[in-house]
Amino acid sequence: METRGLADSGQVPFTILEEFRKKSQPEKVVRAASRGRPLIGWTQWCAEGDEGSHRCASGPRAGVLAKALSHLVFSLRRWATRHVHHQDQGPASFPDHFHGAELKEVSSQESNVQATTDVQEPEDRGRSAWPLAKHNTNTSNNKEEEKKKEKKDGFVVDPSSNLYYRWLTAIALPVFYNWCLLICRACFDELQSEYLMLWLVLDYSADVLYVLDVFVRARTGFLEQGLMVSDTDRLWQHYKTTTQFKLDVLSLVPTDLAYLQVGMNYPELRFNRLLKFARLFEFFDRTETRTNYPNIFRIGNLVLYILIIIHWNACIYFAISKFIGFGTDSWVYPNISIPEHGRLSRKYIYSLYWSTLTLTTIGETPPPVKDAEYLFVVIDFLVGVLIFATIVGNVGSMISNMNASRAEFQAKIDSIKQYMQFRKVTKDLETRVIRWFDYLWANKKTVDEKEVLKSLPDKLKAEIAINVHLDTLKKVRIFQDCEAGLLVELVLKLRPTVFSPGDYICKKGDIGKEMYIINEGKLAVVADDGVTQFVVLSDGSYFGEISILNIKGSKSGNRRTANIRSIGYSDLFCLSKDDLMEALTEYPEAKKALEEKGRQILMKDNLIDEELARAGADPKDLEEKVEQLGTSLDILQTRFARLLAEYNATQMKMKQRLSQLESQVKGGGDSPLANGEVPGDATKTEDKQQ
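Mapping to full-length UniProt numbering: the sequence shown position 159 is 159, numbers consecutive.
Read the hints as simulated data drawn from the structure, not as lab findings. Bear in mind that the values here come from a model prediction, so they are computed numbers and not experimental data. Any given hint could turn out to be false.
Below, simulated BS3-like cross-link-like pairs (lysine-lysine); rule was C-alpha separation at most 30 Å, straight line [claimed, not checked]: (1) 577 / 604; (2) 508 / 427; (3) 555 / 522; (4) 507 / 577; (5) 522 / 493; (6) 592 / 459; (7) 591 / 450; (8) 507 / 522; (9) 604 / 522; (10) 475 / 555; (11) 522 / 475; (12) 577 / 445; (13) 591 / 474; (14) 591 / 461; (15) 474 / 552; (16) 513 / 454; (17) 625 / 461; (18) 604 / 507; (19) 493 / 444; (20) 459 / 508; (21) 653 / 666; (22) 591 / 507; (23) 450 / 522; (24) 592 / 508; (25) 493 / 592; (26) 445 / 475; (27) 577 / 450; (28) 444 / 454; (29) 577 / 493.
Model the full structure from these sequences, guided by the hints.
In structure tokens, the structure reads:
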């Protein structure tokens, strides 16, 4: 039983070999089995004639040896047959589970080497091919299959591209056409019969676009792990798994072939074309994200939905009137035998009028008479209530969104006015403040850039800042040759500032803490009286760049050397000294280069004291550094004290826990240690109980 189990499992029957070795120990059998060689040839060699019989066995135990040998040969043959059959069906080798060509080649080479170094194969005696040879054959076949299964990259439509949006626009037209005119043609017979050729052309043109849309959807890419999938087979498989694929197939079922049986006056046979509605909604969503006027588009979109509902309701009302009978009661459409009510335009306009009155619950309509009429009016009233609630809610939210910025800005003005009245600010100053706010609103300068851009990642923030401010920053002399990384850091720190007419940007003798770049407006360098103008600065000019560098040896120190006043409303960009130094901490070489440029500018204008510039470190700078070190030391001491307190608290908890464990150990047999638990397990048990 043990021997048969090993043979059935495909393993080498070592139990048989051991049993046979104990009985006779023929060296050839042991060597052949240990090397994994087939023993069929050796068995036949033992069976050849009398000489072979004498070589295999001699003495009184020949019969026993012959039986054992026969049993061994049959077991080994069964095992070898099943092993080779298993190799034929399974993969050639472990590397074949991978798709890399290099692994397959290496595996094939190793198999060839093993085949050449191993014992040569005996002559074919009706058995299957050897496993190694089979492995090489399977490997070459797998290579050919892999070449056939290479990815089929073709034309793929990016769903975020303009091409895809243009196609959405094209496919939305036939969808909208079907949703508006199919119901109308089905209810108003004259409309279908009088313009039959036009409808046939439009219908089958829409069908052509529907078919093309299936191919576009099958080639529309999707993201997987952040990458666009371009394998056409995978795109097709992905499209087939979506619900929209089923709807697209149903919308293309040629139900209008029934025209051949029932005639051309049944356009309702094409109602399955309405299942393409998802494309229309997708077009609206894409347009809403692309337009610069989203609130206006939302209002227009809402009105369009309401008009479609009113249109469908009007057509259904006319169809019910036709089913009940025109003019049979006061609720249905009047008798069409009257010329005034027989015209197609009057039929549709009357139905549209009735539908609008019913859904909007405005005005009075004739009361229903029959049960079907009552039921239809009840449904209309319910739909009308939902429409009214939708209109009120959506329009209200849209208007509030449109006025949100204005309301927020007005709230700021009101709070400033209340503060100025409370503090009894002069009327002239109050007027200047209000005019400044009016200028901000009129020129759309009320947007808080940090608040607007805070939801964007840092990379996109930097790109927007570069696009807006980089050219302005490059106009400054000291920043013209700076590396790109520093410029990116600086443009993120530029702050827009608006000054009103007559405001002083800086005065002579003030400590320079900011530099300014004029974006729009005019500034004047004036005398101490504030009237006499020396120079007028316009767009692109800058000043204060030397003061924020705090160059050692400057005769003016870190103070302003002129009075600069705004002539009108001026829009400036401001870069503070703290922001500049913070950015320069990561660029020490750039800091040295900027200081050298500033020193050269001062030397050119004879505004630097070379003796002070060559002197040692400024004692004030050393004092500032000492103060900074003292502040850092205080912070470290505070953190250390906090950590020490936490450590002491933790130590006390551990002592309490240890004392509890000791009391439990002393308690007797009910303690965790007495039950064979370790202290850690006791702690866990206690925690679970708590």
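Does residue 507 lie within 30 Å of residue 604 when you go C-alpha to C-alpha? holds (24 Å)
Check the hint pairing residue 475 with residue 555 against an upper bound of 30 Å on the C-alpha distance. Answer holds: residue 475 to residue 555 is near 25 Å, not above 30 Å.
For a C-alpha distance cap of 30 Å, please report whether residue 459 and residue 508 respect it. The hint is violated at about 40 Å.
Are residue 445 and residue 475 close enough, with their CA atoms no more than 30 Å apart? holds (23 Å)
Against the 30 Å threshold, does the CA-CA distance of residue 474 and residue 552 hold or violate the hint? holds (25 Å)
Starting from residue 450, check that the Cα of residue 522 is at most 30 Å away, please. Judged against 30 Å, a Cα distance of about 26 Å means the pair holds.
Quickly compare the C-alpha distance for residue 653 and residue 666 to 30 Å and report which way the hint goes. Within the cut-off at roughly 20 Å; holds.
Does the structure keep residue 444 and residue 454 at a Cα separation of 30 Å or less? The hint holds at about 19 Å.
What's the verdict on residue 493 and residue 592, does the C-alpha distance respect the 30 Å limit or exceed it? holds (20 Å)
Is residue 591 close enough to residue 461, meaning Cα to Cα at most 30 Å? Roughly 24 Å separates the two Cα atoms, so the pair holds.
Between residue 577 and residue 450, does the CA-CA distance stay at or below 30 Å? holds (19 Å)
Is it true that the CA of residue 591 sits at most 30 Å from the CA of residue 507? Roughly 27 Å between the alpha carbons, so the hint for residue 591 and residue 507 holds.
When the structure is compared with the earlier hints, violations turn up for hints 17, 20 and for no others.
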